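Since the structure of chain A is provided, determine the placement of chain B on it from the hints.
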Amino acid sequence: DAGITQSPRHKVTETGTPVTLRCHQTENHRYMYWYRQDPGHGLRLIHYSYGVKDTDKGEVSDGYSVSRSKTEDFLLTLESATSSQTSVYFCAIRGLAGGPDTGELFFGEGSRLTVL
Amino acid sequence: SQKIEQNSEALNIQEGKTATLTCNYTNYSPAYLQWYRQDPGRGPVFLLLIRENEKEKRKERLKVTFDTTLKQSLFHITASQPADSATYLCALGPNNQGGKLIFGQGTELSVKP
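Protein sequence lines, in the order shown, are assigned to chains A and B. Heads up: the first sequence at position 102 corresponds to 131 in the numbering used here, and the numbers run straight through without jumps. Heads up: the second sequence at position 87 corresponds to 77 in the numbering used here, and the numbers run straight through without jumps.
Just chain A, with the same shape it has in the complex:
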């Protein structure tokens, strides 16, 4: 168990409203990632973080922002949700706590977002 939880697990919202998804980890991992998964596209990286207050964009970052004010939490915000952001969002952390970094990711259970 990599100690990673996402909230909320399901959310339905309306176009134009702000939405924040939370990813929480309990094992002091440095690297955290937000992916979205859509049929036919697989997993696509939105943003990632390599430390507190250190973040960078992925391949599909438009319309999303992130924040990491403490090691354990990585927040993904949709400032003004659109229907194209309906998706399943996965948070991931990298590596085993205290173990060698082999680049493997451990994923949360996902947050299913529907924008009407």
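Restraint-style ranges between C-beta atoms, simulated for each label pair:
| id | chain 1 | residue 1 | chain 2 | residue 2 | range |
| --- | --- | --- | --- | --- | --- |
| 1 | B | 30 | A | 91 | 27 to 37 Å |
| 2 | B | 44 | A | 44 | 45 to 55 Å |
| 3 | A | 91 | B | 46 | 37 to 47 Å |
| 4 | A | 59 | B | -9 | 26 to 36 Å |
It is worth saying that the hints were derived from the structure and are not from the lab. Note that this is a predicted model, so its numbers are computed, not measured. Glycine included, every Cβ here is placed at the ideal spot set by N, Cα and C.
Positioned in the frame of chain A, the structure of chain B alone reads:
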């Protein structure tokens, strides 16, 4: 641009047979390649990693090959079981620390009893 392609069609095989899944990539020189399993409604789970200087890796009934000349990885499940039914994702990793993994779209495997 970088591109990863996995078998686009779902793979249906009989229990006990070997399942072989393909991952091809272009415009990329990965330092390593990973395979993940994903069950419906769940997050992906890491299975195996193979580095660019390795030809083959095994773990129990799983075997992965990595051919950097062909830009291809093959993922084999021997003596397949219905419990192996899932979607399998390949992912490429770069050489730098904290590097961003690029995922394929996945291949759905169904093992019939």
